[in-house]
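The chain contents come next:
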Amino acid sequence: MNDFIAARSQMALSLGFHIIFSCIGMVMPFFMAVSHLYYLRTGKPVYKNLTKAWSKGVAIFFATGAVSGTVLSFELGLLWPEFMKHAGPIFGMPFSLEGTAFFIEAIALGFFLYGWNRFNKWFHWATGVLVGVSGLVSGILVVAANAWMNSPAGFDYVNGQYLNIDPIAAMFNDAWFSQALHMSLAAFAATGFAVAGIHALMILRKRNVEFHSKAFRIAAIFGTVAAILQPLSGDISAKDVAKRQPIKLAAMEAHFQTEKKAAFVIGGIPDEKNKKVNHAVKIPGVLSFLAHGDFNAEVKGLDAFPEDQHPPVAITHYAFQVMIGLGMLMMGLALLYFFALWKKKNWLFSRWLLRLFVIATPMGFIAVEAGWTVTEVGRQPWIIYGIMRTSEAVTPMPGIVYSFYIFTAMYLSLSLIVIYMLYRQIRMVGTLYDVPEKDTEPQNAPA
Amino acid sequence: MIYVVITFLWASILLYLLMGGADFGAGILELFTSRKNRRKTRKTLYQAIGPIWEANHMWLIIAIVILFVGFPGIYATMSVYLHIPLTVMLIGIIARGTAFTFRHYDAVVDEMQYVYNKIFVYSSFITPLFLGIIAASAVSGQINTNATSFADAYIFSWLNLFSVAVGFFTASICAYLAAIYLIGETKLVPDERQRFIVKARSANIAALVSGALVFIAAEIENVPVKNWVFGNLPGILAIALATASLILMWYLINKGRSVVIRVLAGFQVAMILFATTYIHYPNIVVLDNGYLSLIEHQGHEKTIRALGWALLLGSIFILPALFYLIYSFKRKKV
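Quick note, the sequences are listed as chains A and B, same order.
Heads up, the final residue of the first sequence is numbered 447 in my numbering, and it's a clean run with no missing numbers.
Heads up, the final residue of the second sequence is numbered 1334 in my numbering, and it's a clean run with no missing numbers.
Think of the hints as simulated: they come from the structure by calculation, not from any bench.
A virtual CB, placed ideally from N, CA and C, is assigned to each residue, including glycine.
Keep in mind that the hints are not guaranteed to be accurate.
[What the hints assert, rightly or not] Dumping the calculated SDA-like pairs for lysine to any residue here, alpha-carbon to alpha-carbon at most 25 Å:
hint, chain 1, residue 1, chain 2, residue 2
1, B, LYS1043, A, GLN425
2, B, LYS1302, A, ILE417
3, A, LYS121, A, LEU40
4, B, LYS1118, A, ILE417
5, B, LYS1302, A, SER413
6, B, LYS1118, A, LEU412
7, A, LYS206, B, VAL1108
8, A, LYS214, A, LEU412
9, B, LYS1043, A, ARG118
10, B, LYS1118, A, ARG205
11, A, LYS239, A, GLN161
12, A, LYS243, A, ILE315
13, A, LYS276, A, GLN380
14, B, LYS1302, A, LEU329
15, B, LYS1043, A, ASN117
16, B, LYS1302, A, GLU82
17, B, LYS1043, A, ASN146
18, B, LYS1118, A, MET421
19, B, LYS1302, A, HIS310
20, B, LYS1302, A, VAL158
21, A, LYS273, A, ILE315
22, B, LYS1118, A, SER413
23, A, LYS276, A, ALA297
24, B, LYS1302, A, TYR157
25, B, LYS1226, B, GLY1141
26, A, LYS121, B, ALA1321
27, B, LYS1302, A, ASN146
28, B, LYS1118, A, ALA409
29, B, LYS1187, A, ARG118
30, A, LYS121, B, LYS1302
[What the hints assert, rightly or not] Pairwise CB distance ranges, derived in the manner of DEER restraints:
hint, chain 1, residue 1, chain 2, residue 2, range
31, A, LEU232, B, THR1148, 50 to 60 Å
32, A, ALA12, B, TYR1114, 42 to 52 Å
33, A, LEU37, B, ILE1326, 25 to 35 Å
34, B, GLU1301, A, ASP308, 19 to 29 Å
35, B, GLN1113, A, PRO381, 19 to 29 Å
36, A, ALA12, B, THR1148, 49 to 59 Å
37, B, SER1149, A, ILE359, 53 to 63 Å
38, B, TRP1309, A, ILE266, 40 to 50 Å
39, B, SER1149, A, ASP308, 26 to 36 Å
Take these sequences, add in the hints, and give me the full structure.
Pasting the structure below:
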């Protein structure tokens, strides 16, 4: 492994973990706030218990999301100093605003976690909502910064110089809206399905059924609504990518030759040497329609671009297939769930539906990782699309490979501990949370 | 607008040193607490920093964002030559933040606590140690941009007597701040309070000793620290005021004026930071063959303007909320 690959791997690893920690940290406060609202409205202790149980999850994921985010803000410089030297002043605007949003989130979380029985109950509830809202805002801002790398804006590039910098224009680049929408919905769908799946498993095992049923319903509604909206935002993204980064679209679909009435390729094994896809299902005209809204439109293939600008086709293609496939499965399950809600009351907690949710637990996050791979690998070899190559941005310091090993070990152990802790939280539900009102303070709860 | 941005940069470094520092210091104190008192100390410590520790940590993010948005060249240079200590500091930050959260949110209290505690106390020490090393390496002219060997470019830029001495100095200042802060948190528990008073004194002595070591190391490494601090009137004044307040502090520490001693400790640290940065201004990184100046290496005008506004607007939201948070959890202390 050379230093360049090591730097890319370390960045991918850090982002890959951060994206999961921060999605959960961003979405779970909303579940918590909904449950809290039910409690304030109905006074049922089960909702208070649920709110407290979920707030533990929020605290854990906020902390891991925050530290992994801190690491990333340093890694941008540690691994890509040449990129940051030029890009920092241009795309830094969303980061400076994100600092504010994140700060507010940290403050609001302090109020919420330690504020039980200290403040007016509606003020306390509002701080919980604020945790969610400011988390969502910081997520959108960070994605806007990433979108700039795909769609550089807000400066003129003349003879290697970055002139006429306009940080506001850079923030509102062409890609920010579609990327932020897609990512936010993905976060809601992934977290909703993951949380619902875990509670579904507990219901199936007949543990604290009332507690887990309430939890399941709140999480499932968030997840399923997002999963149904997601294909719409996917369509917006596809049209956007077709316009801005046709080469990425070509790689996503392993679309080697420019053609009219281009086929949508499902599955298949891209053969980069002979420039074709084997064993794929092809639906004629659909790619043209998805990209340009017209079945006969011409879709640029990889052949329209010089070879040295091609992203790794196979990885991008597989990742895209995984994302779409899982997205479709989740949407299908969501529709089924709504049908159950509407039609048959006795379906709702039928074992087969719950089992489907259990199976779907990891799907959203696998789709998130796959989608992120499409965006990032599909942009290669560029770090700033069309302007700066990733290889030009890497740090001159040798030995990055050791840094990669250290960070890998650290993130793996961190994830194992988090999983272990969540497992213990869930196992302890009966003792800590699903108990009569007066005993709801767990012993090690903050004072 | 550039001055607004520089002020925010300096203020966030100071606030990180004060609030984040007290936070790190709490972990260092725990490291130096005898086993029989450790449980009690841990509880005091948790009650004191639990609600605000996430916010304390944010000042570092603000500082780093200001640096990479407003002064990208400086950020890039530091990132390259101080890669190793920055990485160690990051690992410390990750280990510390997560261990702190884990030990309080783990649903089961068992032997895992031992692991979390160990990680917490050691990373609480390592992080400010490396923070000090990074700061010292940035200003002491040890970064050699023309170095040809790996060791010269990436190791000796920070691994030298002077930087390490400043690292220990920083860590002991953190412990000192934490102890002073915690004296005020233990009003109703006399024996615990007495222990923090003792800790504050020993941390203070540690800071003075390591401060003296900094001067000795500076002589050996030819870093003109003496000039920085005593070569100009504002520097002399700042140090004189800090010394005077230190004497007052030793007198007041037993008297139970917790607010006064907190202000004094904060003042001393601010003065030390002032004295050591005043002479360098506007230079933030001193290389072996020149300076990186905040004025000369600022980002484009529009960027600085936007950044300045973002900081001003942000502080309108943040500062009142932060004060209210601290106030709320001070008010009803048990």
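Hints, one by one, checked against the model:
1. B/LYS1043 x A/GLN425: holds (22 Å)
2. B/LYS1302 x A/ILE417: violated (45 Å)
3. A/LYS121 x A/LEU40: Holds, because 8 Å separates the two Cα atoms, which is no more than 25 Å.
4. B/LYS1118 x A/ILE417: holds (15 Å)
5. B/LYS1302 x A/SER413: violated (43 Å)
6. B/LYS1118 x A/LEU412: holds (19 Å)
7. A/LYS206 x B/VAL1108: holds (22 Å)
8. A/LYS214 x A/LEU412: violated (32 Å)
9. B/LYS1043 x A/ARG118: holds (20 Å)
10. B/LYS1118 x A/ARG205: violated (36 Å)
11. A/LYS239 x A/GLN161: violated (31 Å)
12. A/LYS243 x A/ILE315: holds (21 Å)
13. A/LYS276 x A/GLN380: holds (20 Å)
14. B/LYS1302 x A/LEU329: violated (47 Å)
15. B/LYS1043 x A/ASN117: The hint holds at about 20 Å.
16. B/LYS1302 x A/GLU82: Holds. B/LYS1302 to A/GLU82 sits at ~21 Å (cutoff 25 Å).
17. B/LYS1043 x A/ASN146: Given pair B/LYS1043, A/ASN146 is violated - Cα atoms ~42 Å apart, limit 25 Å.
18. B/LYS1118 x A/MET421: Roughly 17 Å between the alpha carbons, so the hint for B/LYS1118 and A/MET421 holds.
19. B/LYS1302 x A/HIS310: violated (35 Å)
20. B/LYS1302 x A/VAL158: Within the cut-off at roughly 18 Å; holds.
21. A/LYS273 x A/ILE315: holds (15 Å)
22. B/LYS1118 x A/SER413: holds (15 Å)
23. A/LYS276 x A/ALA297: Answer holds: A/LYS276 to A/ALA297 is near 20 Å, not above 25 Å.
24. B/LYS1302 x A/TYR157: Holds: B/LYS1302 and A/TYR157 sit about 16 Å apart, inside 25 Å.
25. B/LYS1226 x B/GLY1141: Given that 25 Å is the threshold and the Cα spacing comes to 15 Å, the pair holds.
26. A/LYS121 x B/ALA1321: This hinted pair holds, its Cα atoms lying about 18 Å apart.
27. B/LYS1302 x A/ASN146: holds (21 Å)
28. B/LYS1118 x A/ALA409: The given pair, whose Cα atoms are some 18 Å apart, holds under the 25 Å limit.
29. B/LYS1187 x A/ARG118: holds (21 Å)
30. A/LYS121 x B/LYS1302: violated (44 Å)
31. A/LEU232 x B/THR1148: 50 to 60 Å: This hint holds: roughly 57 Å between Cβ atoms.
32. A/ALA12 x B/TYR1114: 42 to 52 Å: violated (34 Å)
33. A/LEU37 x B/ILE1326: 25 to 35 Å: holds (28 Å)
34. B/GLU1301 x A/ASP308: 19 to 29 Å: violated (36 Å)
35. B/GLN1113 x A/PRO381: 19 to 29 Å: Since the Cβ atoms of B/GLN1113 and A/PRO381 sit about 48 Å apart, the hinted range of 19 to 29 Å is violated.
36. A/ALA12 x B/THR1148: 49 to 59 Å: Hint violated: Cβ distance 31 Å, outside 49 to 59 Å.
37. B/SER1149 x A/ILE359: 53 to 63 Å: Holds, at about 56 Å.
38. B/TRP1309 x A/ILE266: 40 to 50 Å: Given about 49 Å between the Cβ atoms, the range holds.
39. B/SER1149 x A/ASP308: 26 to 36 Å: Between B/SER1149 and A/ASP308, where Cβ atoms are some 33 Å apart, the hint holds.
Checked against the numbered hints given earlier, the structure breaks hints 2, 5, 8, 10, 11, 14, 17, 19, 30, 32, 34, 35 and 36 and satisfies all the rest.
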